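Given the sequences, and given the hints that come with them, work out the whole structure.
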Amino acid sequence: DAGVIQSPRHEVTEMGQEVTLRCKPISGHDYLFWYRQTMMRGLELLIYFNNNVPIDDSGMPEDRFSAKMPNASFSTLKIQPSEPRDSAVYFCASSPEGTKNIQYFGAGTRLSVL
Amino acid sequence: AQSVTQLDSQVPVFEEAPVELRCNYSSSVSVYLFWYVQYPNQGLQLLLKYLSGSTLVKGINGFEAEFNKSQTSFHLRKPSVHISDTAEYFCAVSTYSGGGADGLTFGKGTHLIIQP
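These protein sequence lines are chains A and B, in that order.
When we follow this note's numbering, the leftmost residue of the first sequence carries the number 1, and every step to the right adds one.
When we follow this note's numbering, the leftmost residue of the second sequence carries the number 1001, and every step to the right adds one.
FYI, nobody ran anything at the bench for these hints, they're computed from the structure.
A few of these clues could be false.
[Claimed, not checked] Here are the in silico distance ranges between beta carbons for each label pair:
| # | chain 1 | residue 1 | chain 2 | residue 2 | range |
| --- | --- | --- | --- | --- | --- |
| 1 | B | 1001 | A | 20 | 29 to 39 Å |
| 2 | B | 1113 | A | 58 | 14 to 24 Å |
| 3 | B | 1015 | A | 27 | 35 to 45 Å |
| 4 | B | 1015 | A | 87 | 32 to 42 Å |
[Said to hold, decoys possible] In silico SDA-like links for lysine to any residue, alpha-carbon gap of 20 Å or less:
| # | chain 1 | residue 1 | chain 2 | residue 2 |
| --- | --- | --- | --- | --- |
| 5 | B | 1108 | A | 107 |
| 6 | A | 100 | B | 1085 |
| 7 | B | 1049 | B | 1068 |
| 8 | B | 1058 | A | 99 |
Just so it is clear, the structure is predicted and the values come from calculations on it, not from any experiment.
Cβ coordinates follow ideal geometry from the N, Cα and C atoms, glycine included.
Below you can see the structure in the form of C-alpha cells.
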C-alpha cells in the first residue's frame, strides 16, 4: 500500500484566501485523523472520523475550519478565510479497526499564510 | 483527559553511546502508549507501542521502551546510537474505551542530536 497520501505537500497563500488540504487514507482503515503541528503548541488533534462520520471535532480551532469525509478514501480540511496564525504543518493519519489505535501518518502539508 | 510530558526538549549524545528519552504521562483511565519518530520534513513513523502484556517492548531501529505503571513512565532507550538516529521523537498516549479508537495526545517532542 502507498500509505496515507496528503496533498499538496506545500501551500502558500495570502490571508483571507480559502485553503483546502486533502487526504487519502490507507485502504481499509476505518478511522481518519487530522492533526496540526506548530512550534508553540506541538501536535494537536483537530478532528477524527470513524467510517466517514465525524466523532470528535472539539479540537477544531474555530468556525473557519471545517472537515469532511465524503467517502472512505478521501477527506478534506478547509480553512476559510485563512489567517497567518493558521500557518502550520497539517497531518492526516488513519487507523484500522481493532488495532488499539495504531495510527499511520501521511507526510503532512506545510501551510504558510502570508 | 490525558497528558504527556517529555522532560527534555533536546538531548545531545555521542555516536555509539547509549541514550534514554524520558516520557511521563497522566491519565485517569488505562492508556495505550506509543513512540513516534519524525525525520526532517517527513511525517511521523511508529517506533514502538505498548498495548498490553510485557512491559518491555521492542521496536524498529534497535529502540526499546519500558512501561512503568507505578511511575507512569514510558522511557525510550537505545544501547548504541547512530548518526542516522538524529530526529525528533514524540511520546503519545491514547485511551480505548471499547467503543472505538481515540485521538493521540502527544508530548512536545525531544530532539535527539547525535554528535560524531
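Please name the hints from earlier in the document that this structure breaks, with their numbers sorted from lowest to highest. 2, 6
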